[in-house]
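Chains A and B, in that order, give the protein sequences.
31 is the number that numbering that gives the first Met the number 0 gives to position 32 of the first sequence; each next residue is one higher, with no gaps.
49 is the number that numbering that gives the first Met the number 0 gives to position 50 of the second sequence; each next residue is one higher, with no gaps.
Just to be clear, a hint being listed does not mean it is correct.
Simulated coverage check for chain B against chain A, where a stretch passes if three residues somewhere in it have a Cβ under 8 angstroms from a Cβ of chain A [said to hold, decoys possible]:
hint	segment
1	22-30
2	60-74
3	84-93
4	152-161
5	180-187
Think about it this way: if two alpha-carbon atoms lie no more than 20 angstroms apart in a straight line, the pair counts; the simulated SDA-like pairs of lysine to any residue are [stated by the list, open to error]:
hint	chain 1	residue 1	chain 2	residue 2
6	B	K181	A	L50
7	B	K180	B	G154
8	B	K181	B	L129
9	B	K181	A	A63
Just so you know, these hints were derived from the structure itself, not from any lab.
All figures in this text were calculated on a predicted structure; none of them were measured in a lab.
We put the CB at the ideal spot given by N, CA and C, even for glycine.
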Amino acid sequence: MQCEDVARILPEAVDHGAAVEISVQRHIDTCLRCQAELARYRKMLRGLQLLRTRYLEPAPGLLAQTLAAIEVAGEREARRAILNGRRLAYAGALGGAAVAAGAAATVVIVHRSRRRAVPVAG
Amino acid sequence: MSTSELPQARSALEPLVDAAREGDRPAFDELVRRTYVETYTLALRLTAHEEDARDVVQEAYLRAWRGIGSFRGDAQFTTWLYRITANTAYTTVKRRRRHRAEPLDAMLVEPAEAHLEAQPEESAQQSALLDRLSAALEQLPPKLRVLVVLKDVYGMSHEEIAEELGISVSAAKVRLHRGRKKLRDLLHDDVGPGEGRTGGLEHAV
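Just chain A, same shape as in the assembly (with noise of 0.2 angstroms):
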């Protein structure tokens, strides 16, 4: 095992519960070289994690911007809903009256093959 080897398994290695060969593991544990470096991507992990917690500041006007943008996005998906709706409300309107028309044209229809039908007396 070489210091190279060890250096291109180290930024998996370094993880927390990481398996790692028991070769590496000795060849650390008598190296000062990978020692030192195996320290270095830890303080460098412990450094990635303290920023979590370091907040940055955005410039003026993103909070107003977004916030104005969900209403617009809002208002337009509203207007969108209440068009459907009316939509729906007219398509229902149309069928409503095409099935009437329908049924009053069955009717007279009817009515009218009936009066035909009808034999005339004497």
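Could you slot chain B onto chain A? The hints should help.
Relative to chain A, chain B alone:
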């Protein structure tokens, strides 16, 4: 842009989340107010581009508003929001790579001075390290930076990251490995062993 503590406590988000799930817009607006600095921080760390980060924040909250009705609440609201932000930022980064041909310098966020206002509990040495880390992160290729930020800064699992980015778990692991290696190379000797323990792997972080 400057560093700061979280402006408002994260507590008491739950009632707002419940109200927002019922379609309460003012409640959702309040959630935005309480979380947008965190969301912006994540977006900026992922994109390393201020204008993109602002776009990502807006898009992420729009998606969150549209999707909050189906948010089941089995994860924290902020975790759910992070995942949306990560997904949105990744899409933005990919799109930017296709459509823009900016020099690297133009993609970098305002350096050093933005980070001077460190939190009081940070020692000067630690603050300097975090500044260098932030700057080095911005120099990582976007695909590697996303992995390092989500895994090592925000603590997401390989599986969660893979799901949000639409990549395999093994691809996520490979990119994280490359990202850490590249970051270590960028830092050169900035991260000396310092106060870190120099023991074997059994003492790993």
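Results for each hint:
Here's how the segment 22-30 of chain B fares: 3 of its residues keep a CB closer than 8 angstroms to some CB of chain A, so the rule of at least three is met and the hint holds. Counting residues of the segment 60-74 of chain B whose C-beta sits closer than 8 angstroms to any C-beta of chain A gives 4, which meets the bar of three, so the coverage hint holds. Counting residues of the segment 84-93 of chain B whose CB falls under 8 angstroms from any CB of chain A gives 0; the rule of at least 3 is not met. Given as covered by chain A, the segment 152-161 of chain B passes the check, having 3 residues with a CB less than 8 angstroms from a CB of that chain where 3 are the minimum.
Under a criterion of three residues with beta carbons nearer than 8 angstroms to beta carbons of chain A, the stated coverage of the segment 180-187 of chain B is upheld, 4 such residues being counted. Our distance criterion of 20 angstroms between C-alpha atoms is met by K181 (chain B) and L50 (chain A), whose separation comes to about 18 angstroms. Only pairs whose Cα atoms come within 20 angstroms are accepted, and K180 (chain B) paired with G154 (chain B) is accepted, the gap being roughly 18 angstroms. A distance of roughly 17 angstroms separates the Cα atoms of K181 (chain B) and L129 (chain B); the hinted pair therefore holds under the 20 angstroms criterion.
In summary, the hint linking K181 (chain B) to A63 (chain A) is not supported, as the alpha carbons are separated by about 38 angstroms, beyond the 20 angstroms threshold.
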